[in-house]
Every structure is written in C-alpha cells, then in structure tokens.
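Visitor: 3 is the number of the first residue of the sequence shown in the working numbering; add one for each residue after it.
The set of hints was computed from the structure by calculation and includes no laboratory data.
Beta carbons are placed, not taken as given, at the ideal position from N, Cα and C, and that holds for glycine.
Treat the hints loosely; a few may be bogus.
What the hints assert, rightly or not - In silico lysine-lysine, PhoX-like type, Cα no more than 20 Å apart, as pairs: (1) K317 to K83; (2) K65 to K55; (3) K83 to K65; (4) K317 to K369; (5) K317 to K149.
What the hints assert, rightly or not - Between beta-carbon pairs, the in silico distance windows are: (6) K433 to A262: 57 to 63 Å; (7) E487 to D435: 17 to 23 Å; (8) G143 to Q68: 20 to 26 Å; (9) N488 to G115: 34 to 40 Å.
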Amino acid sequence: MKFYITTPIYYVNDIPHIGHSYTTITSDIVARWKRLNGFDVFFLTGTDEHGAKIAAAAKEREKTPQELCDEMSEKFREVWKLLNISYTDFIRTTQRRHFVSVEKIFQMLFDKGLIFKKKYEELYCVGCERFYARKDLDENGCCHFHKTKPVLQSEENYFFKLSAFQNALFERITNPNHKEYIEIQPEERRNEIIGKLKLGLEDVSFSRTAVEWGIPLPFDKKQTSYVWVDALINYLTGIGYTENETNFQKYWPADIHLMAKDILWFHSVIWPAILIGAGLPLPKKVYSHGFFTLNGSKMSKSLGNVISPQELVDKYGVDAARYLVATLMPFGPDGDISWQGLTLKYNTDLANNMGNLISRTIKMTEKYFNLHVPQTVPNLELAKKVAAILKENFVSDMDNMRLHKAAETLQSAITLVNRQIETDAPWELAKTDLDKLASCIYAYLQATDIIVMHLLPFMPTVSEKIWQITGAGCDINGAAKKYFENTVIPENGFSIPNAQLQSPGILFPRLF
C-alpha cells in the first residue's frame, strides 16, 4: 500500500515561521503514522522559488535571485532537520527536473488547445502574486489577505481554459461516487469551493511577460509560467514525473495535499483542472487549515509577534514543540495561540501526566526491584484496557486528521494508568504483598509501552527513549508496526522480565 502526502512548497521570500511548521509537523505526524501502519509513504515538501517577489527581494539584498533562493531554501531544510521532519524528498522549483516537468505540462495543454493567447486587463495583488476579480476583493477593494489594493495590469499573455472544466470539476467535487472524487476538507471550506463553482469559472492567466524570474514557456520563450502554476506542478516533479516513470506510477495520485486555507482554491479547482487537461488522475484529498493569531492579533514581522520554530524548540524541546503545535487546536479552523496556552498544555499533558507516569513508575521499580522489570506472572489487564481505549478512537482520529482528538485519547489512556497507580497504592503493597506489588509494577510498564507506541508519530525521539527506559528490548518502530497490524499484545507484553531499566531523569521539566 502506498501513501503520498505533500505540504505546500514554501515561498522563499521569508524565513520559516510557526505557520510553515504547523503544516509540516502535521504532515510528518501523518506520514509517520502511515508508516507504522505498513504503508509505503512518500512525503514531499520543498520551496517555491520563482516570481516577482523573489526577484524584488533579491535586488533589495543585492543578490541574484538564485543566490537568494539557495540561501532561503537552505533555511527551510535546517528548520525541518531541527524539527525532525522525515520527508522523502525536498523539491525546489529552480531544479532542472522541475523545469522539465513544467515545460511538459504546458506543452501538453497547449497542444490540446487548452492554452491560448489574448490581451487582458486585470487586478493583480503583488503580495499574493495572483489576479483578482473585483467581486473577490473586500468592501474597500483590497485583497483579503494583504489588505492592499491590487493594481490594474494590462498584458498580452497565455490563458488556460478553466471555464471548460466547470462541469467536470463540479461533478468530481460534489459526487462521492465519482471514480475521481476529490474530498475537500474541512466541510466549511468544501462548501465555499462549491459555492464559488456555482457562480461559474473564468479562464485564467497562465503566463507573465514582465516577470523574468520564472520558467520560460516551451512554445514562447518571451513569457514565463505563472508562478502558481509552476508551483503546483511540483507535486508531479517530486515523485519522478519526467525522470522516473516507475516511481511516478507507483505514488501518483497524491493521497492528501495539506495547506493553509488561502491556497485552497488553487489546489481544489485550478490544479485538478490542469490534471484533467493533462489526462492525469486527481488527488484523493485536499485538506486546508486555518490561520493563526497570537494573543488575538494577526502575526506580523512589523508587530514583532511572529513565533519562530527555534523559539519553540528553545522553550519546550523538539518533541514537545512538535506535540504542542500539532495538538493545541483542531486542524481546519482558525485558531489563536499564546505562549501561556502552549505552556499550560505542556505542563498538563506532558509534565503532569506523561512525565509523572514515567517518573513514578521507574522510581518505584528502582526502589522495590533495583531498576529491573519484575519477574512475575504476566499481568496485561491494564495494558489491554489502555489498548481498548486507544483502539476505539485514536486510529480513526489519526486517519481523519483529528490530531488534537487523538492526543486527548492518549491523555485519557495515561490518566487511566495514573489513576490505577493511586488505586493500587503500591507503596502500601510494599509493606504487605510483594507478589501483588510485582504484578502491579509489571502492569504499569506494559501499559506504558502501549501508550508510547501511539505517541511515536508525535514525539519520535522521546518515545524511543521511554521505550528503552521501560525495558522493552526490541526496536520500537518494528514493535509498533507489528502491533498496529493486528493490535495483539504479545503474551508477555513488551517490557522484558528482569530487564535492566534506565533512570529517566526529568523528561518534561515543569515550566512557568
């Protein structure tokens, strides 16, 4: 089974921030989850490096556009390494392989009569690098995202017959029984797309004459590809569209495109129309998330309230930062974040709940069994209860992008074990019933192992550390894959009787 997941490719006119991190961390968690469930995963991310904004930014910094792209693209790679992002490939739109893909798609559409030349006059937002009809602007005639008035531009360039795909797109977006049905999520965004489709589609400009920093059209070298079309084609390039047909046939179509809501129209309407025109299968799911505000205010460099990935890691650590960013709010609607909210969730979920479970279990094992897994009759009842809780909701939540709900289920399982410790009162059993004490400690360790396997996509490094701490002898990824295949707990659990445990230290120091 294959699974192809993509982030958008990020524009290199700015350094990575929490918005980029949110999409990419979420994608990484989904990719890791699918791998644990036996899927052959291709996870693509990368950088979008053409367009007028790049050329202008390079000129301002006294660099060539390519020099700026090289510098900024590397910053994204560095941040994804920092956040332990397990991408399969990192695509750059300035790579030769991508030029070939763009040229092939444009030539194909042109040969089919789907691209034609005409003079036009339209409103263009430099910030978005896109054209707008007046009806798509706010009441002040401004772009909704940049709050600036687009400028009227007049050119002769090439247009794509988007209007010809009105019925084909409507059918594929509204009919779940269609063989090329595109699932658009969340539902609110899907309804917005359908509403706009009902108003009718207009042909769209696919090239520019005034933008030199782009990919020249194969049939007219005086014009370059519109940056958004260039960018969308990366999803084909990244899996070998023009250089590795076997790989391309294996992974296309994409199983899920993840992105922020401001680019949903491109991915759910223009991109599928291009693919239909090129005779290629359509992506199965397009999922957008909302925008962040910080303490109720829009994040902005000028306001000095943009959160960087490095700041998150410095405060919480890599794995905790991943967990917090992905689970603080639902994936889909807009959300407000704050350092206070992030720290509260860190203390509640990680320091007080997960960290407490590990700390108290290992301390008791050290005190009563010299840091060894007790040798006793296997007691897996608690582990089975934990497994049942997680099986009921966790899997469906992970498969349906409800990562905040999956985290809530994880916390419920952790709470169950912590409460069981309170009920058993092992510190009292140590005075009266050493056999039952051994059975209880054994049970806590085995239940923790089940929890940690489910935590693995969110916090891969910490999960592996806890796995070793609890005396589970096998590789956690291999054990998790085998467990998720049939959710059967081995006869003797995962923590091996008499195995030497490790002192965890403080995994999640409480923050203030």
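Visitor: With reference to the structure, classify each hint as holding or not holding.
Guide: Checked hints:
no.	hint	in the structure
1	K317 to K83	17 Å, holds
2	K65 to K55	13 Å, holds
3	K83 to K65	26 Å, violated
4	K317 to K369	32 Å, violated
5	K317 to K149	33 Å, violated
6	K433 to A262: 57 to 63 Å	58 Å, holds
7	E487 to D435: 17 to 23 Å	37 Å, violated
8	G143 to Q68: 20 to 26 Å	36 Å, violated
9	N488 to G115: 34 to 40 Å	53 Å, violated
Comparing the model with each earlier hint shows violations of hints 3, 4, 5, 7, 8 and 9; every other hint is respected.
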